[in-house]
Every structure is written in structure tokens, then in C-alpha cells.
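> This is what each chain is made of:
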Amino acid sequence: GDSVTQMEGPVTLSEEACLTINCTYTATGYPSLFWYVQYPGEGLQLLLKATKADDKGSNKGFEATYRKETTSFHLEKGSVQVSDSAVYFCALGSPNNAGNMLTFGGGTRLMVKP
Amino acid sequence: KAGVTQTPRYLIKTRGQQVTLSCSPISGHRSVSWYQQTPGQGLQFLFEYFSETQRNKGNFPGRFSGRQFSNSRSEMNVSTLELGDSALYLCASSAGMGETQYFGPGTRLLVL
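Residue numbers (my numbering), protein chains in the order written: chain A, -3 to 110; chain B, 59 to 170.
Keep in mind that the hints were calculated from the coordinates and are not lab data.
Here a beta-carbon is modelled for each residue, glycine too, at the ideal position from N, C-alpha and C.
No incorrect hints appear here.
The calculated SDA-like cross-link candidates involving lysine to any residue, where the alpha carbons are at most 20 Å apart (straight line), are:
no., chain 1, residue 1, chain 2, residue 2
1, A, Lys52, B, Glu157
2, A, Lys56, A, Tyr35
3, A, Lys48, A, Tyr21
4, A, Lys45, B, Ala153
5, A, Lys52, B, Gly156
6, A, Lys52, B, Thr158
7, A, Lys45, B, Thr158
8, A, Lys64, B, Gly156
9, B, Lys115, A, Thr24
10, A, Lys45, B, Tyr160
11, A, Lys56, A, Glu72
12, A, Lys109, A, Ser81
13, A, Lys45, B, Met155
14, A, Lys45, B, Gly156
15, A, Lys45, B, Gly61
16, A, Lys45, B, Gly154
17, A, Lys109, A, Val7
18, A, Lys45, B, His87
19, A, Lys52, A, Thr16
20, A, Lys48, B, Gly154
21, B, Lys71, B, Glu133
22, B, Lys115, A, Ser(-1)
Here chain A is said to cover these stretches of chain B; the calculated rule only asks that three of the stretch's residues, wherever they fall, bring their Cβ under 8 Å from a Cβ of chain A:
no., stretch
23, 110 to 116
24, 151 to 159
If you want a taste of the chain A side facing chain B, the calculated C-beta under 10 Å gives, among others:
no., residue
25, Ser28
26, Gly39
27, Leu42
28, Thr47
29, Met97
30, Thr99
31, Gly102
Turn these sequences into a full structure, and let the hints guide you.
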């Protein structure tokens, strides 16, 4: 079945450091890929997405490129802020238009220190 | 547009009771999906409704059920609650098949 693997956290960085959170997936067909972010006590917010190979999603300084050859969708940011502290989830959408089911990775907690 | 809303936000129940959670999707969205989030199992898909019909179902026991109304609002019901049902229940809506899902703030259920 479909699955998503994320690097385990927590990831602790100092402000202005570079961030990479690894995400790899296993799926049949050509799924859409997403990064969602969850702040304490809140639901999930869509951070960025990519719908086909080589697409780059970007938002708020975060970027991720859909790499079909390595089945990866790593999240990157050049300079993190304290306000980026949250849990980040990589997810894949139902391939082959089978519906709207998302399969999530286990989440990676990011802690950014001043 | 208003976002996805879920009620109630917090709920405390005892074992054996049943509970109903409500989700109002973004205006114009016809698909509503439900997810369970726990520290041990992470985020797991429960089911999806589209135009009042269940389109997908996750691997949960029959105690978990749902429905969708003609105005796209959805309810989720859990009967005979168990301690392990304590979780954050998230609802997401999307405009259609394959479209991006937008999540509500969740309902936090505690079963004592």
C-alpha cells in the first residue's frame, strides 16, 4: 500500500539556520504530494504542494521538489525563524484520482531557538 | 471564505458512551474527509464523503461511522467508546476529486 516516511524529530535549529526535512514515499501511479504544518493546539495548514514530477511547491520561504526518480519530496528553507517551530507532515494524495484520501508521514517536530 | 469549522472543539466522555462530531466544510466544497490523530498511530484516514455518499473508508471498526447532508455538512459518530478512541479528530474539505484538502481545527476527544 501507499506509505510516506519522514525523518524523525525533533529537529532543533538556531534561528537563521538552514532546514531540510526528508520525505520519501511509496505509491502506485502518480500521487500529488503535500506538506502540511501543525502549530500547537491547532489543525493542519497546507504549506505547499506539487502535483507532478519535477514540480516545485513553495510558500513562506519553504520549498519542496517532486522527485519521481528518487520518490522524494524533501522540505527546505534557507533561514528558519522561531515562528517556524511546529510539526511538519509530508503527505501523498490518492493516486489515479481514486478519491481524496491522504496518507501521512509520522510528522517531524521542528524547534527553532533564538 | 470561512474555513472548515468543527464542533465541539473539546469533548470528554466515558467508556461505553457514544459521541457525534460535526464538520462544516468550506462553502462550495462537496467532499469531506475525517482523520484521527493520536500520538501512537499518527494521522489516520477514517472516511470520505462526497455528495452524501461514502467514497472511501479507512481501516477502522464499524463503531466509527459518518454521514453527509445535502448541504455538505458532515457528522461522525463513534459508538461504545473505548479509551483508545481518545484523539484529535480532524475534518478536511475539498472542492472535488483530487483537489487540495483544507483542514479544520479539530475536535479533541478524551475518553475516561
